[in-house]
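Sequence order for the protein chains is A and B. Under my numbering, the first residue of the first sequence carries the number 1, and numbering increases by one thereafter. Under my numbering, the first residue of the second sequence carries the number 116, and numbering increases by one thereafter.
Hints are not guaranteed to be accurate.
Label pairs and their in silico Cβ distance ranges [stated by the list, open to error]: (1) Leu115(A) to Ser143(B): 18 to 28 angstroms; (2) Ile12(A) to Ser168(B): 45 to 55 angstroms; (3) Glu130(B) to Ala72(A): 18 to 28 angstroms; (4) Gly16(A) to Gly131(B): 25 to 35 angstroms; (5) Pro228(B) to Thr82(A): 46 to 56 angstroms.
On the chain A side, residues computed to face chain B include the following (Cβ under 8 angstroms) [claimed, not checked]: (6) Phe28; (7) Leu44; (8) Thr49; (9) Phe67; (10) Thr75; (11) Ser89; (12) Ile93; (13) Thr103; (14) Gln104; (15) Gly107; (16) Pro108; (17) Gly109; (18) Leu115.
Derived from the structure by calculation, the hints contain no laboratory data. Even glycine gets a Cβ: it sits at the ideal position worked out from N, Cα and C.
Residues per chain are reported as follows:
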Amino acid sequence: GAVVSQHPSRVICKSGTSVKIECRSLDFQATTMFWYRQFPKQSLMLMATSNEGSKATYEQGVEKDKFLINHASLTLSTLTVTSAHPEDSSFYICSASRTGRDTQYFGPGTRLTVL
Amino acid sequence: QKEVEQDPGPLSVPEGAIVSLNCTYSNSAFQYFMWYRQYSRKGPELLMYTYSSGNKEDGRFTAQVDKSSKYISLFIRDSQPSDSATYLCAMNAGGTSYGKLTFGQGTILTVHP
Chain A
1 GAVVSQHPSR VICKSGTSVK IECRSLDFQA TTMFWYRQFP KQSLMLMATS
51 NEGSKATYEQ GVEKDKFLIN HASLTLSTLT VTSAHPEDSS FYICSASRTG
101 RDTQYFGPGT RLTVL
Chain B
116 QKEVEQDPGP LSVPEGAIVS LNCTYSNSAF QYFMWYRQYS RKGPELLMYT
166 YSSGNKEDGR FTAQVDKSSK YISLFIRDSQ PSDSATYLCA MNAGGTSYGK
216 LTFGQGTILT VHP
């Protein structure tokens with residue numbers, strides 16, 4: 001149990017385009033989902049926390065207009081990187097937590113490369 | 116000072132060795148403690164989850180939490196090459212933290228045959 005999927009696993013796009021990444025909890029309802037980015041050989045950096053049906057809470061320094069998060073249902077959250085630039089190239093990972101619990105289950109990650 | 120400190124290693128051990136991984140923290144509000152394993156280019160996988168002080172064992176893995184010292188450990192017995200990965204400690208304060216985790220930097224472990 002507690003499986004989280006992400007799609008796509010890798011994406012390459014041109015500078016200036018937008019990219020959408022999906023995060024799904026497959027066998028449980030996730031009231032809260034989290035989005036992280038991770039640079040090579042570094043730990044995870046939390047970008048935002050989203051609760052189903054409400055606006056995401058962004059961490060300091062994360063541009064909410066650039067990284068759009070939608071948590072439309074208890075099993076799906078999306079991250080859209082708008083007008084992507086090469087510096088947005090990174091490994092993006094989502095996680096989900098179950099109602100009333102304080103641990104997170106992570107997706108396999110999405111590697112974004114912006115040319 | 117970071118809220119959670121973890122020696123990044125790298126740590127290299129022979130197969131069959133006992134591995135000890137550690138984290139220290141400064142926030143006394145932390146109540147929930149986790150260890151994640153992350154293989155290269157994959158998402159973190161939850162290994163152990165403990166609440167407050169004490170020990171928890173699961174197969175070859177043992178997690179220890181000492182809240183008085185603000186120190187947590189993960190022990191791996193009879194280590195295998197397949198244990199080679201980055202190990203991340205994580206913790207949160209529970210309650211109104213809404214599950215937000217604070218991570219250590221991660222320790223890179225290599226178990227060689």
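For each hint, the structure was consulted:
{"no.": "1", "hint": "Leu115(A) to Ser143(B): 18 to 28 angstroms", "in the structure": "47 angstroms, violated"}
{"no.": "2", "hint": "Ile12(A) to Ser168(B): 45 to 55 angstroms", "in the structure": "47 angstroms, holds"}
{"no.": "3", "hint": "Glu130(B) to Ala72(A): 18 to 28 angstroms", "in the structure": "47 angstroms, violated"}
{"no.": "4", "hint": "Gly16(A) to Gly131(B): 25 to 35 angstroms", "in the structure": "53 angstroms, violated"}
{"no.": "5", "hint": "Pro228(B) to Thr82(A): 46 to 56 angstroms", "in the structure": "47 angstroms, holds"}
{"no.": "6", "hint": "Phe28", "in the structure": "13 angstroms, violated"}
{"no.": "7", "hint": "Leu44", "in the structure": "5 angstroms, holds"}
{"no.": "8", "hint": "Thr49", "in the structure": "6 angstroms, holds"}
{"no.": "9", "hint": "Phe67", "in the structure": "17 angstroms, violated"}
{"no.": "10", "hint": "Thr75", "in the structure": "17 angstroms, violated"}
{"no.": "11", "hint": "Ser89", "in the structure": "14 angstroms, violated"}
{"no.": "12", "hint": "Ile93", "in the structure": "5 angstroms, holds"}
{"no.": "13", "hint": "Thr103", "in the structure": "5 angstroms, holds"}
{"no.": "14", "hint": "Gln104", "in the structure": "6 angstroms, holds"}
{"no.": "15", "hint": "Gly107", "in the structure": "5 angstroms, holds"}
{"no.": "16", "hint": "Pro108", "in the structure": "5 angstroms, holds"}
{"no.": "17", "hint": "Gly109", "in the structure": "5 angstroms, holds"}
{"no.": "18", "hint": "Leu115", "in the structure": "19 angstroms, violated"}
Hints 1, 3, 4, 6, 9, 10, 11, 18 from the earlier list are contradicted by this structure; the remaining hints agree with it.
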